[in-house]
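The residues making up each chain are set out below.
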Amino acid sequence: MSFLDELRQWPAARVRDAIERARPADVARALGREERTPEDMAALLSPHAVAHLEDMAREAQRLTRWHFGRTIGLYVPLYASNICGADCVYCGYAVRSRRKEKRLKLTPDIIRRECEQLAAHGFKNLLILTGEARVATPVRYIAECVAIAREYFPSVSVEVYSLQTDEYRTLVEHGLEGVTLYQETYDPETYPRLHLKGEKMDYAYRIDAPERAGRAGVRKLGIGALLGLCDWRVDGFWTALHGRYLERACWQSSVSVSFPRLRRTPARFAIPHILTDAELVQLMLAMRLFLPHAGITLSTREPAALRDRLIPLGVTMMSAGSSTRPGGYTTFGEETLQQFEIEDARNPEEVVEAIRRAGYDPVWKDFDHAFDEAARR
Amino acid sequence: MNDALTIAGRTFRSRLMVGTGKFPSAQALKATLDASDAEIVTVALRRADLSKPAEDSILSVIDRSRHLLLPNTSGARTADEAVRLAKLARAAGLEPWVKLELTPEPRHLLPDPIETLRAAETLVKDGFIVLPYIQADPVLAKRLEEIGTATVMPLGAPIGTNRGLRTRDLIKIIIEQANVPVVVDAGLGAPSHAAEAMELGADAVLVNTALADAADHAAMGRAFALATEAGRLAHLAGLGPERTAPEASSPLTGFLFRGETST
Chain F
1 MSFLDELRQW
11 PAARVRDAIE
21 RARPADVARA
31 LGREERTPED
41 MAALLSPHAV
51 AHLEDMAREA
61 QRLTRWHFGR
71 TIGLYVPLYA
81 SNICGADCVY
91 CGYAVRSRRK
101 EKRLKLTPDI
111 IRRECEQLAA
121 HGFKNLLILT
131 GEARVATPVR
141 YIAECVAIAR
151 EYFPSVSVEV
161 YSLQTDEYRT
171 LVEHGLEGVT
181 LYQETYDPET
191 YPRLHLKGEK
201 MDYAYRIDAP
211 ERAGRAGVRK
221 LGIGALLGLC
231 DWRVDGFWTA
241 LHGRYLERAC
251 WQSSVSVSFP
261 RLRRTPARFA
271 IPHILTDAEL
281 VQLMLAMRLF
291 LPHAGITLST
301 REPAALRDRL
311 IPLGVTMMSA
321 GSSTRPGGYT
331 TFGEETLQQF
341 EIEDARNPEE
351 VVEAIRRAGY
361 DPVWKDFDHA
371 FDEAARR
Chain R
1 MNDALTIAGR
11 TFRSRLMVGT
21 GKFPSAQALK
31 ATLDASDAEI
41 VTVALRRADL
51 SKPAEDSILS
61 VIDRSRHLLL
71 PNTSGARTAD
81 EAVRLAKLAR
91 AAGLEPWVKL
101 ELTPEPRHLL
111 PDPIETLRAA
121 ETLVKDGFIV
131 LPYIQADPVL
141 AKRLEEIGTA
151 TVMPLGAPIG
161 TNRGLRTRDL
171 IKIIIEQANV
181 PVVVDAGLGA
191 PSHAAEAMEL
201 GADAVLVNTA
211 LADAADHAAM
221 GRAFALATEA
231 GRLAHLAGLG
241 PERTAPEASS
251 PLTGFLFRGE
261 TST
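Residue numbers (the numbering used here), protein chains in the order written: chain F, 1 to 377; chain R, 1 to 263.
Among the hints, erroneous ones may be present.
Non-contacting residues of chain R with respect to chain F, defined by C-beta distances greater than 12 Å in every case (computed) [claimed, not checked]:
{"id": "1", "residue": "Asn-2"}
{"id": "2", "residue": "Ala-28"}
{"id": "3", "residue": "Asp-37"}
{"id": "4", "residue": "Arg-47"}
{"id": "5", "residue": "Glu-55"}
{"id": "6", "residue": "Leu-140"}
{"id": "7", "residue": "Leu-170"}
{"id": "8", "residue": "Pro-181"}
{"id": "9", "residue": "Ala-212"}
{"id": "10", "residue": "Ala-237"}
{"id": "11", "residue": "Gly-240"}
DMTMM-like mimics (lysine to aspartate or glutamate), calculated; alpha carbons at most 20 Å apart, straight line [unchecked claim]:
{"id": "12", "chain 1": "R", "residue 1": "Lys-52", "chain 2": "F", "residue 2": "Glu-151"}
{"id": "13", "chain 1": "R", "residue 1": "Lys-52", "chain 2": "F", "residue 2": "Asp-366"}
{"id": "14", "chain 1": "R", "residue 1": "Lys-30", "chain 2": "R", "residue 2": "Asp-216"}
{"id": "15", "chain 1": "R", "residue 1": "Lys-87", "chain 2": "F", "residue 2": "Asp-366"}
{"id": "16", "chain 1": "R", "residue 1": "Lys-52", "chain 2": "F", "residue 2": "Glu-116"}
{"id": "17", "chain 1": "F", "residue 1": "Lys-197", "chain 2": "F", "residue 2": "Glu-151"}
{"id": "18", "chain 1": "R", "residue 1": "Lys-172", "chain 2": "R", "residue 2": "Glu-199"}
{"id": "19", "chain 1": "F", "residue 1": "Lys-100", "chain 2": "F", "residue 2": "Glu-335"}
{"id": "20", "chain 1": "R", "residue 1": "Lys-52", "chain 2": "R", "residue 2": "Glu-95"}
{"id": "21", "chain 1": "R", "residue 1": "Lys-52", "chain 2": "F", "residue 2": "Glu-349"}
Covered stretches of chain R (in silico footprint by chain F; criterion: 3 or more residues with CB under 8 Å from a CB of chain F, positions within the stretch not fixed) [unchecked claim]:
{"id": "22", "region": "6-15"}
{"id": "23", "region": "121-130"}
Note that these hints are calculated values from the structure, not bench results. In this text, all values refer to a predicted model and were calculated from it rather than measured experimentally. Don't be surprised by glycine CBs; every beta carbon is placed ideally from N, CA and C.
Can you build the whole structure from these sequences, using the hints too?
Structure follows, in structure tokens:
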């Protein structure tokens with residue numbers, strides 16, 4: 001079984017057609033339903049839905065409060081390495097991005113130091129990231145990072161290159177809870193034009209990775225499209241289908257969706273489909289209506305003022321006080337390459353305060369060591 | 001009237017148990033606990049930071065001189081995980097009570113009957129007082145009772161749905177057959193639902209989402225407390241049977257008394 005079989009039922013032309021053909025009455029019908037179909041999703045992503053944005057927001061808020069309560073989970077990223085063998089034309093880490101800053105991978109000692117620092121802030125939920133570099137950062141290195149992090153955090157997730165099922169299994173055995181992996185774009189025609197080197201060129205291998213992770217026992221699966229690469233309505237539609245597919249295929253895993261929006265890119269790449277704030281909000285709301293049980297993750301790619309406004313619109317997880325530079329919390333400064341600029345530079349305490357002001361309870365811990373496989377041995 | 005609820009030899013005044021998830025703030029939870037007068041308060045071990053109870057937004061507002069802190073294993077997918085969690089909680093100083101929640105599917109959080117039974121067997125043998133969250137399955141309820149669980153906690157409707165007693169007929173059978181307290185857990189969205197469960201003969205109810213969702217937490221806590229008590233009183237008072245039409249005359253047998261056929 002593969003999501004590709006389902007995706008083939010919805011080629012770009014059919015998705016575009018469904019979005020373009022949606023009339024105001026289709027939007028109203030989609031809003032009124034309890035279970036929404038792919039055609040409903042197309043209507044909610046259509047230009048006609050803009051007139052119903054406030055209604056969509058109310059429904060998104062109702063569904064989110066119903067399933068998640070008025071709580072926002074907190075997490076923080078830890079970049080273990082910025083060494084990257086892929087060449088993704090939009091990315092600051094890309095091998096041919098001609099960046100002068102240093103590339104490195106953290107030693108276990110520095111990983112530990114970073115963990116200590118982040119745990120002291122109160123974080124209980126860590127996301128470890130690397131570049132696309134199987135040789136420099138092999139699975140055994142990632143497993144070691146997970147094992148160290150688990151000494152400090154009840155919940156550890158990774159955002160690394162696509163792995164095989166047994167490799168995910170190895171990480172689960174070291175205490176891994178979640179895997180985040182963005183397809184970047186679901187458009188099979190755009191994808192090869194943007195990913196020019198390495199294993200990441202393999203669209204199908206990447207798209208099946210979250211399912212492999214779920215089958216290996218990973219409990220939390222995070223997906224998303226990098227917004228700006230392709231028509232957001234179409235990529236958003238495919239992301240939604242992927243989410244629903246994973247909820248069925250990996251019934252013991254929870255699925256979350258993220259909406260990373262490209263804001264700045266290396267000089268060689270101009271963002272072809274820039275999203276406005278209103279479009280980002282429409283996409284997020286439509287996703288909540290189509291996937292009422294999915295987590296929605298909001299990173300510090302977005303600025304503080306917008307993040308605060310998005311809290312009551314369906315968000316369930318936020319990062320805070322992030323650095324996208326390896327060793328950026330304790331050891332290395334601007335001489336070391338970062339993946340992207342942080343837009344919301346507030347410290348964790350300030351973000352927690354903003355969550356409280358919005359009427360939500362910031363949740364640090366939502367997992368326990370007792371659950372993970374490492375505790376079994 | 002002394003109408004205490006007894007679970008595993010311990011008596012409780014209140015028949016309303018409260019869950020602590022989904023609240024917007026520690027203050028909202030505290031207001032709910034105070035107004036509901038609940039004595040048994042359940043906390044998800046996955047959420048609670050037992051190492052720092054004073055800093056934890058849930059644990060810090062539970063006054064353990066007033067409330068029995070009932071840890072639950074929400075999020076556990078297997079019996080092993082649930083058992084491990086329960087033991088960790090006991091090792092951290094909580095009483096050996098556990099609300100068993102085996103919920104392998106994260107979206108609807110429906111209980112896994114097989115793993116629940118396995119975990120209950122292990123935990124009862126290990127001296128725990130076990131309150132299992134289950135489907136409204138009368139056979140499973142009896143099997144758990146035989147193992148030695150302190151209660152059974154069938155769901156009224158899928159958790160968090162506020163849909164009320166959708167499993168009414170099955171819960172009725174569970175109540176008829178039970179030798180341990182029956183606590184209706186999950187799905188009760190309005191005080192009237194709680195009253196209905198109590199009128200039916202449930203020994204207690206557990207409510208969470210309906211309280212956490214309320215605009216006025218204290219008022220909703222109080223409303224559920226009153227409804228639970230009202231339902232209990234009505235059950236004890238003896239409700240009349242439901243009728244669909246008035247039954248003033250006897251169209252089928254009246255002729256016997258009107259002399260129409262006497263010879």
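| field | Least C-beta distance between R:Gly-240 and chain F, which was stated to exceed 12 Å | value | holds (36 Å)
| query | Between R:Lys-52 and F:Glu-151, is the straight-line Cα distance small enough, at 20 Å or below? | reply | Given that 20 Å is the threshold and the Cα spacing comes to 16 Å, the pair holds.
| query | Given the hint that R:Lys-52 pairs with F:Asp-366, does the C-alpha gap stay at or below 20 Å? | reply | holds (14 Å)
| field | No chain F beta carbon within 12 Å of R:Asn-2's | value | At roughly 37 Å from the nearest Cβ of chain F, R:Asn-2 sits farther out than 12 Å, so the non-interface label holds.
| Outcome, coverage of the region 121-130 of chain R by chain F - at least 3 residues whose beta-carbon is closer than 8 Å to one in that chain | violated (count 0)
| query | Non-interface claim for R:Ala-212: all C-beta distances to chain F beyond 12 Å? | reply | Given that some Cβ of chain F is not farther than 12 Å from that of R:Ala-212, nearest at about 5 Å, it is violated.
| request: Quickly compare the C-alpha distance for R:Lys-52 and R:Glu-95 to 20 Å and report which way the hint goes. | output: Distance of about 17 Å is within 20 Å: holds.
| 12 Å cut-off, C-beta based - R:Leu-140 kept clear of every residue in chain F | holds (21 Å)
| message | For R:Lys-172 and R:Glu-199, compute the direct alpha-carbon distance and say whether it is at most 20 Å. | response | holds (11 Å)
| Are the Cα atoms of F:Lys-197 and F:Glu-151 separated by 20 Å or less? | Violated, at about 36 Å.
| Are the Cα atoms of R:Lys-52 and F:Glu-349 separated by 20 Å or less? | holds (18 Å)
| said: So if I understand the rule, the pair passes when the alpha-carbon distance is 20 Å or less; does R:Lys-87 with F:Asp-366 pass? | reply: holds (18 Å)
Figure legend: structure checked against the earlier numbered hints; hints not met, in rising order: 2, 4, 5, 9, 17, 22 and 23.
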